[in-house]
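**Q** Build the full structure now, drawing on both the sequences and the hints.
Taken in order, these protein sequences are the chains called A and B. Position 198, counted from 1, in the first sequence is what the working numbering calls 201; the numbers after and before it change by one each time, with no gaps. Position 68, counted from 1, in the second sequence is what the working numbering calls 60; the numbers after and before it change by one each time, with no gaps.
If you're looking for bench data, these hints aren't it; they were derived computationally from the structure. Because the structure is a prediction, the values reported are computed rather than measured. The reader is advised that the hints may include incorrect statements.
Keeping only pairs whose Cα atoms sit at most 30 Å apart, straight-line, the calculated DSSO-like set for lysine-lysine is [to be verified]:
{"no.": "1", "chain 1": "B", "residue 1": "Lys125", "chain 2": "A", "residue 2": "Lys100"}
{"no.": "2", "chain 1": "B", "residue 1": "Lys(-1)", "chain 2": "A", "residue 2": "Lys129"}
{"no.": "3", "chain 1": "A", "residue 1": "Lys100", "chain 2": "B", "residue 2": "Lys76"}
{"no.": "4", "chain 1": "A", "residue 1": "Lys109", "chain 2": "B", "residue 2": "Lys76"}
With the Cβ distance kept under 8 Å, some of the chain B side facing chain A (calculated, not the full set) [stated by the list, open to error]:
{"no.": "5", "residue": "Trp87"}
{"no.": "6", "residue": "Asp100"}
{"no.": "7", "residue": "Met189"}
Glycine is no exception: its CB is placed at the ideal position from the N, C-alpha and C atoms.
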Amino acid sequence: MSDITPSQTVGPFFAYGLTPKGRCQWDPNGSYSWKETVSDNLVTPDASGTRIRIEGRVLDGDGAPINDAMIEIWQADAQGRYANPRDNRARPNAKFKGFGRSATDKSGVYSFDTIKPGTVPGPGGKPQAPHIVVCIYSRGMLRQVYTRLYFADEASNAADPILALVPEDRRGTLIAHKQAKGDMSVYTFDIRVQGENETVFFDV
Amino acid sequence: MTLIFPKESLQVFPKHLTPAYRSTAKRSPSKPLIIIPHTLSELTGPVYGHDAVQDGDNDLTKQHKGEPLGERIVVHGHVYDEDKRPVPDTLVEIWQANACGRYVHNVDQHPAPLDPNFTGAGRTVTDKNGYYKFITVKPGAYPWGNHHNAWRPNHIHFSVFGHSFLSRIVTQMYFPGDYLFPFDPIFNSVTDEKARMRMVSSFDLENTIPDWALCFRWDIVLRGREATPQDNDEH
Chain A
4 MSDITPSQTV GPFFAYGLTP KGRCQWDPNG SYSWKETVSD NLVTPDASGT
54 RIRIEGRVLD GDGAPINDAM IEIWQADAQG RYANPRDNRA RPNAKFKGFG
104 RSATDKSGVY SFDTIKPGTV PGPGGKPQAP HIVVCIYSRG MLRQVYTRLY
154 FADEASNAAD PILALVPEDR RGTLIAHKQA KGDMSVYTFD IRVQGENETV
204 FFDV
Chain B
-7 MTLIFPKESL QVFPKHLTPA YRSTAKRSPS KPLIIIPHTL SELTGPVYGH
43 DAVQDGDNDL TKQHKGEPLG ERIVVHGHVY DEDKRPVPDT LVEIWQANAC
93 GRYVHNVDQH PAPLDPNFTG AGRTVTDKNG YYKFITVKPG AYPWGNHHNA
143 WRPNHIHFSV FGHSFLSRIV TQMYFPGDYL FPFDPIFNSV TDEKARMRMV
193 SSFDLENTIP DWALCFRWDI VLRGREATPQ DNDEH
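**A** This is the structure:
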């Protein structure tokens, strides 16, 4: 048996510590000024690429909104580079961290503002289609679940090595569809944690 | 040093569906999880260095005009990987109830008083030895609606990053000898006894500060170990 520390639920009250601004129910009457470590806006002034918004609902096994979930995303920049020493390729977007954190609101809706990621290398050197790693934590979850967001307008999805491992009839749950909302490119990505049209989660 | 993240290490984690913890019933995946290899996307992860925190972010007793009520405690320890190597420069965030067991979050409306001098959120970054330290007050037990007369043992919520997105963990630190352990379905969702006890801090008399604070030590072990030649043979 391994020695790692086990996971426990994030519980319902993480917001005032982890996601204090905007997307939470915490109302401090203006007296609380904890600045968040991680925000839901990944865009940095130096970042090249297409600005996008990702929005969606998180739903439980009854189709009811989960209004106390924490969502984290991890992604490469528009050139497909990760802001981590393990990816030692040159990074033109030096300040772009590629990590964001959001909380669902009363209606179970979360959102992020970010840059559309580029393709990254995959197993055996084959490219992976642009994607974002998405992690969900909530009360009622004793450990986080991992999924991926792919973009409906990317032809390279057809050759993605990870999507190929997903049963064909479930792949649609990983595809974010673009909506026209003024100038901004908005991709909708609902997460169904259980039941009908359950989002694919990965065993990592 | 190239780290790998064997899935076997996750055996100590609780199952997604743990019926005794009622809200897992509708929030646990019902379909099989799809096994995927670890690509660059999984093996990398966000890096938050010392510029992510300010001095004093780790002291939950000095965030308001006065000091909070309750037992002042130092909570400290090391963050390690599976090879027991320190994990330096990694972000650790905590949050907790006050000494009465009340959270400031407005969803917690149970009849225990709020403390105007306590919010309960802190953060720090481990030093080059993987060492972290917080100063806070011991959180009280918190009643919740899971079952009749349910109470959570005293706990501090921890969020830790580590070297990759796979080592990322959200967990809870407990206190030694808590009489509520046998009754808590969240604590007991970890079925291996040794693993369960790894979530419990130890009283650290040597590092209590006379006249000022008790001390608890808690080490955190994250996923990730160095690849051996045999590991490379497997692929």
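**Q** Go through the numbered hints given earlier and state which of them the structure violates, listing their numbers in rising order.
**A** When the structure is compared with the hints, numbers 4, 7 turn out to be violated.
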